[in-house]
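Sequence lines, in order, name chains H and C.
Mapping of the first sequence onto this note's numbering: residues 6 to 521, in sequence order.
Mapping of the second sequence onto this note's numbering: residues 81 to 556, in sequence order.
Everything labelled a hint here was simulated from the structure, so no lab data went into it.
Hints should not be assumed to be uniformly reliable.
With a straight-line cut-off of 27 Å between C-alpha atoms, the simulated BS3-like cross-links for lysine-lysine are [as the list claims (entries may be wrong)]:
id	chain 1	residue 1	chain 2	residue 2
1	C	513	C	102
2	C	513	C	337
3	H	219	C	224
4	C	468	H	219
5	C	468	H	521
Just so you know, these numbers come straight off a predicted model, no measurement behind them.
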Amino acid sequence: MNRRNFIQTLGVTAAGASLTFNNIPLKALGLNSVIQKLIDPLIETDKVLVVIQLLGGNDGLNTVIPYQDTMYYTRRPLIAIPQGQVLSLPNTNMGMHPAMTDLKNLFVDGKLAIVQGVGYSNPSFSHFRATDIWHTASNSNQYFETGWLGRYLREEYPNYPNTLPPDPMAIQIGLSASLSLMSQVGDMSLTFQDPNQFWTLVQGSSGFGQDELKTLAGPEVKFARETAANALQYATRVKNAAGNGQNLANYPPNNSLADQLKIVARLIDGGLETRLYVVTIGGFDTHTQQLPGHNTLWTRVSQAINAFYTDCVLNNIAGRVVGVTLSEFGRRVAENGSVGTDHGTAAPMLLFGNLVNGGMYGNNPDLVNIVNGNLIHQYDYRQIYASALRQLFAATDQQLLNILYQQFQTLPLIVPQQSMPGKEKEHRDYQLSQNYPNPFNPSTDITFSLRNSTHVILKIYDTSGREIQTLVNETRQAGTHKVTFDTYNRRLASGVYFYKISAGDFTDVKKMILVK
Amino acid sequence: METSVAGLLDPYIPSPTRPWDKRLAAHLLNRTTFGAKVSDINFILAMSPSQAVDYLFQPYAIPDPPGSWVTEAPDFNSPFNSTRMAQLRTWWVRLFYEQPISIREKMCLFWHNHFVSEGITVIIPQYMYIQNALIRQYALGNLKDFAKSITRDPAMLIYLDGRYNVVGNPNENYGRELMELFTLGIGNYTETDIREGSRALTGWILNGLGSILVPSRHDYGNKTILGQTGNFNDEDFVNIIFNQNVCAPFICSKLYKFFVNQKENMADAAPIITALGNIFRSSNYELTPVLKTILKSNLFFSENVVSSIIKSPLDLMMGAIKQMNIYFDPSVINTRINYLITNSSSAGQYILEPPNVQGWVGYRQWLSTLAIPTRNAFSESVITGLQKNGQPTGFQVDALAFAQSFPSPNDASLLVDDMSQHLLRLKPTPRQKLYLLELLLDGTTIQNWNINDPLAASRVRKFLKGLIYLAEFQLT
């Protein structure tokens, strides 16, 4: 049997069950990338949200500048941007920091939305508490352990982690995942810095952890085991997407944000179906000597966003991608004694992309009616979250309530997208779950559910398409069934195996990994 | 089993059901040092648990500084600053490797992650060395005095902008973090307290290798801080803070997370933290009594907390090296230490460069999908002598000698048990035991296992590689 036949044998076609075929390591299959592209499913692509986090509290007033307000210059004698240097924004009374030439052009082209005065009631001035509030989408007096992006993904992937999506649900470029990506069932993200380095690191991984522990170690072993399994699950898929994708724009050098966005563009172009990306850039805590530092930061952010946007346009993916910036707080209206600014409150958020309704949202900052030297917010930050989820991902009212816990009025920031392609739509009558444990040794359990009594065939294959074992070939009653695949005393090599179910009009294939 | 708080904090007395054995001795050492060698475990096992804890607190000589440059006048533009900062880093991590059995350096790392400064902001390596020495001086000493000294510490004056804090226009950076992160915790002060407290801190600037108060920059007016009004200075401010009841439990909560269990949800721990806070406060913020209370307690030695803490990268990497008894020759030791530092940095812990003023959050943030493979790749390289890219590391575990440091190297089953216990403390499940035993035997039978077999070394390495990939190895 040749490999193409094997693919057919498994029932993998261009549109259906091949979803689960996607993460088979190329190495394991010995397929070259041409064949890989042939068997890659032609799935309708999804929209993508890229969250750019500005760590440290960005000074909004020196980013989007009320340069026609004399009070701005009164309160900031040393650090105000001189009127002659401000980049004025057409049809507004506002301007941009002189480093933001590229972003001004995006604004003029209608691809950039600026939402002014974003914050929340009773704001926290602590970096860490404020960051948690933004990540968890809480009121200032609420403490949540899950994040808004994680809860959104939980709505879209209700069967995770029992069923692993073919591609990572979310990607954090970096070393540790943001709290925003945590859900009720754990970390929803894949975190890495460079796709190839990540793949290399994961090679040769094996191992599992026990799940019988009743002590405080138990949940930690489980967490470590599941995280390691995720890395193993997705490293090849990510590497292949990076290999298949391309960057067509020039990215600025020595710009960590540009480096991250370059990877994001490559992965989207390479066909990864991940919906959320989180990238970060630090250094916004400008207590002292703010002018040179803030200038460098916004030069980087502006150039990085422009390169990324250009890349999306050139790769013809700009119609799918929206970016948004957020930061834990703005800064005090008046400068401090160190040519800088202390922690403040409301600040603008920026959204960019071809789907964005460009323009200025909200009133210009009121520098007179301030509280303890701080701006009063106009918009709750969760209004922007709700808008993005509603307009980009077509989240329903009920989903928004499940994610944000309250109703928030949306702003027309994004051209509404009608519906989500139903990648996670399961068969109404049947379900095949991911085996557990996975990776495994020597045995693992496979669970499937039937709505009605049906004849079921469940078989195990190796990567060459050879049938290893028939686990089920009989009529099973309605309900959930668990069968065990036991390799003990069998001479099976470590590696990838598949299990395929056929029942009625339903077939599905999933991958599992034996480690010895 | 005692369940009252008092019972949990009472000293652990070995019993037939809870014997003082290698496993608990390893538990104590791995949490209080950077990894327990087999010989270290045997050494403290000769003492009682209480004596062993006391032993960890014995003073020992402070090593010579990393170079004569530590007394040179600071120069922000010196071309040597970055190489000297690297020297300091190597010097400190080498100390983790070479230290005698002592809790001191582990507590220094704790305080480095509490009174945080980042080398990249401080720039001057002399100042980072001086701060490191200050941390070492107070690591097991009096926290109130420590907090007063760190407030005037040159590196801290740079890092949190205290040197720019001047009468009439205060910079709040240090005042905020002093209360939020260093002493009281968020919610236990107001924004007004920050503004007023910052006024008390005004006027301190750098002065050579130290710092000095410039009267014309200091605010001598009355301030109202945490309900008290007066012409307060920085020491008064610290005294007012330490008179708050929340201060002691705030610190004890961090100690609890560091030594006992990291759970974010501290509800179960709350009465224990309160009790520890009372001990800490009543000893006028001396650290040694409260630390000894924790480490000698039934709680610390209870089964519930064994191997329940997620290792930091330094814990995992230095631990792998020390637990497997890897020897570094003085001629190459700095190279080896730098290899460890590079890997620890890749896994998220670059010593002297915490990510921000909060320090490393740790716990599950140590274990991302990138961090776990990075950690595993290092541990594997310690066993195989090869990095993932195929480059040799120049060192690897002496697998035979390591196996022979256990009592029954010729009994494959016991050897698996002993090495697993040494490296994991958690007993493998029957399924895991089978897996590990198969790796060790590697085709031979349990009857034919012989440590003198020519293949034994490679088989032990295969076993160790399998073992470090178990999720349990991420824990201590």
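Here is what the structure says about each hint:
1. With a C-alpha separation of about 19 Å, the suggested pair residue 513 of chain C and residue 102 of chain C falls inside the 27 Å cut-off, and the hint holds.
2. A hinted pair counts as satisfied when its Cα atoms are at most 27 Å apart, and residue 513 of chain C with residue 337 of chain C does not qualify at roughly 31 Å.
3. Of the supplied pair hints, the one linking residue 219 of chain H and residue 224 of chain C is violated, its CA atoms being roughly 39 Å apart against a limit of 27 Å.
4. For the given pair, residue 468 of chain C sits about 35 Å from residue 219 of chain H by alpha-carbon distance, which is inconsistent with the 27 Å threshold.
5. Between residue 468 of chain C and residue 521 of chain H, the direct Cα distance comes to roughly 20 Å. Compliance with the 27 Å bound is thereby established for this hinted pair.
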